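Taken in sequence, the protein lines are chains A and B.
Residues in the first sequence are numbered from 131 upward in steps of one, following this note's numbering.
Residues in the second sequence are numbered from 376 upward in steps of one, following this note's numbering.
Don't read these hints as lab results, they were simulated from the structure.
Some hints here could point you the wrong way.
To be verified - Derived lysine-lysine pairs resembling DSSO-like cross-links, with alpha carbons at most 30 angstroms apart: (1) Lys307(A) / Lys415(B); (2) Lys460(B) / Lys173(A); (3) Lys358(A) / Lys416(B); (4) Lys677(B) / Lys290(A); (5) Lys461(B) / Lys550(B); (6) Lys387(B) / Lys466(B); (7) Lys415(B) / Lys460(B); (8) Lys465(B) / Lys504(B); (9) Lys135(A) / Lys504(B); (10) Lys400(B) / Lys416(B); (11) Lys504(B) / Lys307(A); (12) Lys307(A) / Lys550(B); (13) Lys307(A) / Lys460(B); (14) Lys465(B) / Lys290(A); (15) Lys550(B) / Lys581(B); (16) Lys307(A) / Lys466(B); (17) Lys504(B) / Lys382(B); (18) Lys550(B) / Lys415(B); (19) Lys461(B) / Lys307(A); (20) Lys461(B) / Lys290(A); (21) Lys290(A) / Lys173(A); (22) Lys550(B) / Lys574(B); (23) Lys405(B) / Lys415(B); (24) Lys574(B) / Lys400(B); (25) Lys416(B) / Lys382(B); (26) Lys415(B) / Lys466(B); (27) Lys415(B) / Lys574(B); (28) Lys465(B) / Lys550(B); (29) Lys415(B) / Lys504(B); (30) Lys307(A) / Lys574(B); (31) Lys504(B) / Lys387(B); (32) Lys465(B) / Lys405(B); (33) Lys382(B) / Lys581(B); (34) Lys415(B) / Lys290(A); (35) Lys581(B) / Lys677(B).
Just so we're clear, the structure is a prediction, and the values are computed from it rather than from any experiment.
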Amino acid sequence: MKRKKINLNLLVGCFVLLFFLVTMVVSFFYTPYDVNAIAVSNKLQAPSSAHWFGTDPFGRDILSRIMAGTQTAFFVGSVVTLIGVVFGTLIGGFAGYVGGWLDEIIMRAIDALMAFPGIILAIMIVAVFGTGTLNTAIALGILATPGIARIARSGFIQNKQLEYVSAAKSIGVHPLKIIFREILPNIYSPLIVAASVAFAIALLAEASLSYLGLGVQPPDPSLGRMLKESQEYLTTSPWFTLAPGITITLLVLGFYMLSNGIRDLTDHRSK
Amino acid sequence: MTETLLKVDDLKKYFPISGGIFGRKVGEVKAVDGVSFILKKGETFGLVGESGCGKSTTGRMLLRLTEPSAGTIEFDETLLTDLSKKQMRKKRRDIQMIFQDPFGSLNPRYTVQQIIEQPLIVHGLGTSKERSRMVEELLETVGLDAYAASRYPHQFSGGQRQRIGIARALAVRPKLIVADEPVSALDVSIQSQVLNLLKELQSEFKLTYVFISHDLGVVRHISDRVGVMYLGRLVEVADSNMLYVSPKHPYTRALLSAVPVPDPKNKSNRIILSGDVPNPAHPPEGCAFHTRCPLAADICRKVRPELITDEQGHAAACHFI
Ligand SMILES: Nc1ncnc2c1ncn2[C@@H]1O[C@H](COP(=O)(O)OP(=O)(O)OP(=O)(O)O)[C@@H](O)[C@H]1O
Ligand code: SF4
Ligand SMILES: [Mg+2]
Numbered sequence: 131m132k133r134k135k136i137n138l139n140l141l142v143g144c145f146v147l148l149f150f151l152v153t154m155v156v157s158f159f160y161t162p163y164d165v166n167a168i169a170v171s172n173k174l175q176a177p178s179s180a181h182w183f184g185t186d187p188f189g190r191d192i193l194s195r196i197m198a199g200t201q202t203a204f205f206v207g208s209v210v211t212l213i214g215v216v217f218g219t220l221i222g223g224f225a226g227y228v229g230g231w232l233d234e235i236i237m238r239a240i241d242a243l244m245a246f247p248g249i250i251l252a253i254m255i256v257a258v259f260g261t262g263t264l265n266t267a268i269a270l271g272i273l274a275t276p277g278i279a280r281i282a283r284s285g286f287i288q289n290k291q292l293e294y295v296s297a298a299k300s301i302g303v304h305p306l307k308i309i310f311r312e313i314l315p316n317i318y319s320p321l322i323v324a325a326s327v328a329f330a331i332a333l334l335a336e337a338s339l340s341y342l343g344l345g346v347q348p349p350d351p352s353l354g355r356m357l358k359e360s361q362e363y364l365t366t367s368p369w370f371t372l373a374p375g376i377t378i379t380l381l382v383l384g385f386y387m388l389s390n391g392i393r394d395l396t397d398h399r400s401k
Numbered sequence: 376m377t378e379t380l381l382k383v384d385d386l387k388k389y390f391p392i393s394g395g396i397f398g399r400k401v402g403e404v405k406a407v408d409g410v411s412f413i414l415k416k417g418e419t420f421g422l423v424g425e426s427g428c429g430k431s432t433t434g435r436m437l438l439r440l441t442e443p444s445a446g447t448i449e450f451d452e453t454l455l456t457d458l459s460k461k462q463m464r465k466k467r468r469d470i471q472m473i474f475q476d477p478f479g480s481l482n483p484r485y486t487v488q489q490i491i492e493q494p495l496i497v498h499g500l501g502t503s504k505e506r507s508r509m510v511e512e513l514l515e516t517v518g519l520d521a522y523a524a525s526r527y528p529h530q531f532s533g534g535q536r537q538r539i540g541i542a543r544a545l546a547v548r549p550k551l552i553v554a555d556e557p558v559s560a561l562d563v564s565i566q567s568q569v570l571n572l573l574k575e576l577q578s579e580f581k582l583t584y585v586f587i588s589h590d591l592g593v594v595r596h597i598s599d600r601v602g603v604m605y606l607g608r609l610v611e612v613a614d615s616n617m618l619y620v621s622p623k624h625p626y627t628r629a630l631l632s633a634v635p636v637p638d639p640k641n642k643s644n645r646i647i648l649s650g651d652v653p654n655p656a657h658p659p660e661g662c663a664f665h666t667r668c669p670l671a672a673d674i675c676r677k678v679r680p681e682l683i684t685d686e687q688g689h690a691a692a693c694h695f696i
């Protein structure tokens with residue numbers, strides 16, 4: 131008998147994410163200061179009991195802006211993951227289930243999309259459709275789709291040759307029902323893992339795009355843009371960089387740990 | 376007078392072998408190459424042969440789970456091979472299948488209740504309450520407790536899972552059941568229990584079976600008529616007792632001599648099967664069995680023997696019978 135091991139990844143990941151989730155919810159009702167209130171006389175204050183994370187060059191409270199920034203982060207992450215999972219599963223599931231030359235064509239297109247540097251593609255999409263929070267999320271969602279499509283496809287290919295699929299066919303179940311009701315529930319766990327990785331990547335990508343000035347636009351608060359704005363003050367006011375930097379890192383780490391945790395959990399069960 | 380339920384005529388399945396970057400067809404596997412047989416209502420047709428000879432493919436074609444490349448299947452006065460996909464899905468109410476793998480054939484995400492009532496739902500039979508009662512009855516019929524309904528497949532043993540699969544196949548009261556190696560994955564001690572169950576169900580529900588196995592001993596137990604397959608073709612077809620008492624084809628004789636026989640006198644004419652089954656993508660010319668046949672002569676390497684039926688309905692495909 132093996133002793134039951136604690137799933138540290140899952141525990142820490144959930145804890146970190148729960149913390150930020152609560153922070154985000156709270157920020158809808160309460161932030162220590164008005165997120166956009168400018169007080170130039172108060173600019174670039176070091177952390178103090180009045181401003182825990184200090185203030186920025188416009189005298190805005192950094193803690194308040196970080197709290198509001200998590201809203202954007204979670205919004206973008208959710209939209210990206212939703213787009214990626216829905217379209218990725220549909221495309222990959224279809225390709226994997228149908229197989230043959232259709233699968234061949236779809237997968238070549240997906241390979242081509244994946245071979246392209248992601249951030250450049252995102253910049254192209256944003257250049258065509260315009261910047262802004264929703265457009266950024268859609269662009270990143272399109273980027274997340276191919277990876278999830280691949281995972282869905284391999285899950286469908288593995289499962290479609292199992293006898294329970296033959297059994298469903300032999301009963302007379304409609305092919306669409308076989309895809310959604312028979313096979314899909316059996317690949318939930320790799321899809322959930324993929325979704326949490328997608329969420330982490332989306333957070334990073336949103337930060338990068340906003341850092342380049344292409345993503346989330348003012349006045350929407352964004353952790354990435356805060357990083358960019360803090361750049362020239364790095365030596366004089368390091369807290370301005372550290373606060374959004376550490377927040378992004380923790381959020382991304384949280385999702386990676388969550389995904390690892392889920393993988394461990396499901397691996398264990400399948401044994 | 377028993378009437379014909381199933382008439383299979385010259386059924387073929389050639390799987391394409393694709394290669395190269397563009398997935399071009401570079402050859403084909405003749406998995407099933409001209410199989411014909413007739414099955415009467417209430418009887419069992421046993422299909423035997425070594426691994427890869429095309430038994431499963433034949434069985435799956437009967438439900439059109441695998442689309443035939445050629446040939447016809449007439450079932451209960453309907454030409455299955457002429458039905459549209461949709462009509463065929465409806466027709467599957469009358470033809471059900473029992474699968475080999477007791478661990479792969481039940482969807483692990485569903486309870487036994489959901490698994491057994493699925494065919495009822497698909498074919499629009501009964502209200503939810505009636506279905507629950509039917510599931511309970513079916514579980515009892517196959518020898519499982521009613522409380523099994525709320526459990527998941529992984530909570531059962533192989534034999535029990537096979538019973539669940541049988542209950543599912545029975546749910547829609549089919550006329551024909553194709554059982555593809557239903558006991559091969561089970562312990563020997565459990566095999567006979569499941570075989571006996573299948574026999575009981577046959578007389579209770581007037582079922583007709585196509586029973587697939589690689590084990591002649593198992594097939595003998597249950598079949599009225601037996602077909603022996605080799606590389607996609609039937610090489611011998613006969614009533615069960617005829618086939619086992621006086622096999623004609625050298626391949627059947629070889630298979631039978633591998634089955635433990637209680638009569639030691641039979642040992643004298645044992646034929647040992649040597650060598651591997653040839654690659655079905657490149658079957659031997661002439662009689663496909665000539666590479667392993669102890670009686671093979673020149674003619675066997677050139678001319679393929681026809682399946683010839685004698686007055687007693689005993690058919691065999693060999694030049695020397
Ligand atoms: N979907 C497929 N695509 C290509 N070849 C196939 C396919 N299904 C079966 N075959 C080939 O057809 C031949 C017959 O396979 P089949 O599964 O019918 O044999 P079998 O007699 O049931 O063997 P077993 O005892 O192993 O179950 C084999 O050579 C197999 O490799
Ligand atoms: S035809 Fe020839 S090779 Fe084939 S089974 Fe008969 S004797 Fe053997
Ligand atoms: Mg088989």
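Right, here's what the structure says about each hint:
no. : hint                  : in the structure
1   : Lys307(A) / Lys415(B) : violated (34 angstroms)
2   : Lys460(B) / Lys173(A) : violated (73 angstroms)
3   : Lys358(A) / Lys416(B) : violated (80 angstroms)
4   : Lys677(B) / Lys290(A) : violated (41 angstroms)
5   : Lys461(B) / Lys550(B) : holds (19 angstroms)
6   : Lys387(B) / Lys466(B) : holds (21 angstroms)
7   : Lys415(B) / Lys460(B) : holds (26 angstroms)
8   : Lys465(B) / Lys504(B) : holds (23 angstroms)
9   : Lys135(A) / Lys504(B) : violated (43 angstroms)
10  : Lys400(B) / Lys416(B) : violated (41 angstroms)
11  : Lys504(B) / Lys307(A) : holds (23 angstroms)
12  : Lys307(A) / Lys550(B) : holds (25 angstroms)
13  : Lys307(A) / Lys460(B) : holds (15 angstroms)
14  : Lys465(B) / Lys290(A) : holds (21 angstroms)
15  : Lys550(B) / Lys581(B) : holds (8 angstroms)
16  : Lys307(A) / Lys466(B) : holds (18 angstroms)
17  : Lys504(B) / Lys382(B) : violated (38 angstroms)
18  : Lys550(B) / Lys415(B) : holds (11 angstroms)
19  : Lys461(B) / Lys307(A) : holds (14 angstroms)
20  : Lys461(B) / Lys290(A) : holds (20 angstroms)
21  : Lys290(A) / Lys173(A) : violated (62 angstroms)
22  : Lys550(B) / Lys574(B) : holds (14 angstroms)
23  : Lys405(B) / Lys415(B) : holds (28 angstroms)
24  : Lys574(B) / Lys400(B) : violated (44 angstroms)
25  : Lys416(B) / Lys382(B) : holds (11 angstroms)
26  : Lys415(B) / Lys466(B) : holds (19 angstroms)
27  : Lys415(B) / Lys574(B) : holds (16 angstroms)
28  : Lys465(B) / Lys550(B) : holds (14 angstroms)
29  : Lys415(B) / Lys504(B) : violated (36 angstroms)
30  : Lys307(A) / Lys574(B) : violated (33 angstroms)
31  : Lys504(B) / Lys387(B) : violated (44 angstroms)
32  : Lys465(B) / Lys405(B) : holds (29 angstroms)
33  : Lys382(B) / Lys581(B) : holds (18 angstroms)
34  : Lys415(B) / Lys290(A) : violated (33 angstroms)
35  : Lys581(B) / Lys677(B) : violated (45 angstroms)
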